[in-house]
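Fit chain B to the given chain A structure using the hints.
Number of protein chains: 2
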Amino acid sequence: MGRWKPGAKDRLRLAALDLFLDQGFERTTVEQIAGAAGLTERTFFRYYEDKREVLFDGREALERAFLGGVADAPEDAAPMAVVATALEASASFFPDDGREWSRRRQRVIAANAALRERELLKLAGLAELVARALDDRGVPAAQAVLAAESGLTVFGLAFAQWIEEGETRSFADLQREALATLRALAGSAGIA
Amino acid sequence: MGRWKPGAKDRLRLAALDLFLDQGFERTTVEQIAGAAGLTERTFFRYYEDKREVLFDGREALERAFLGGVADAPEDAAPMAVVATALEASASFFPDDGREWSRRRQRVIAANAALRERELLKLAGLAELVARALDDRGVPAAQAVLAAESGLTVFGLAFAQWIEEGETRSFADLQREALATLRALAGSAGIA
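Sequence order for the protein chains is A and B. Counting from 1, one number per residue, gives the positions in the first sequence under this note's numbering. Counting from 1, one number per residue, gives the positions in the second sequence under this note's numbering.
So here's chain A without its partners, still in its complex pose (with noise of 0.2 Å):
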């Protein structure tokens, strides 16, 4: 195979999710999928467990773009300043050429209720991630949960605004945008 040609595990998510929006995720087949991509359900399967698989295999490389991100933040970093490193770190996967195929992923994610669920625990469980390394780190128990979810707020709204339709700011800035704005929003949380 020549290297200008597209990589098996690459035709292989390309015909996914053209399926799935053709057809419906729940419609589509390990064998459809295959054929679709010229390849053979075997070799499918040496690159995903599942179809699901195929909407969610970035989720461990997410995982340690956050982790490491929370590691490269100076030793005496306040919470929420090892948060915006690890959201910073966690830009690199959102590049603007990946936008297309990340706004297409949402569509076929939207359509579908389990998919949806599946979505949402994956971003809880960043969270809990998160908060466990600021444990590590000495952050007192509720500080870390507080501050690694207000993160995982941040990361999701940006996420959410990056795929919109004509939106064209860099994930980077959106989720500095959101970061700021929280910030603003919560310094004047006052109870009456």
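Careful, some of the hints might be misleading.
Stated by the list, open to error - Cross-link-like lysine-lysine pairs, in silico, DSBU-like; alpha carbons within 30 Å at most: (1) A/LYS122 with B/LYS122; (2) A/LYS51 with A/LYS122; (3) B/LYS122 with A/LYS51; (4) A/LYS51 with A/LYS9; (5) A/LYS9 with A/LYS122; (6) B/LYS122 with B/LYS51; (7) A/LYS122 with B/LYS9; (8) B/LYS51 with B/LYS9; (9) B/LYS122 with B/LYS9.
Note that these hints are calculated values from the structure, not bench results.
Relative to the frame of chain A, chain B by itself:
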């Protein structure tokens, strides 16, 4: 039935929780729950759709409390002040004499992956609801999402603390404290 006896619904939910704790959620049947409460299955289904509903029954009332809190906030209140009012309104659902029930319920949920997911999705649903209510008040979309999700993060943390063994502070106090901690954290969220 004398009015000093617990009503049928309370008997069912207490019997269900005992059985869930003793033998596990999955292995418990509606027939067993009804039997343990001295009632018929038919009576069970008058109060609950299925056995899971026994654990998630309060959801709609909690939603109404949150929305009532949003509605009660002064028209010119800042988004996080509106959320704080909604949180205050939610606290009435967690009186001290309900803490032991909540602790036991949580043990059932913690032991079952599907129930843990249901609980997470319930929180996510509450955040969406509050975000929409803020949106309806004219709060810009991004602020509505950030304020609502931060509020539910505070709620979730306070709830987790409230049901810890040995915890004696009230739900309302824990929520106020968690919100104050979030404010302090977010205020120091500088990105170097």
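Hints violated by the structure (numbers, ascending): As far as the earlier hints go, only 7 is violated by this structure.
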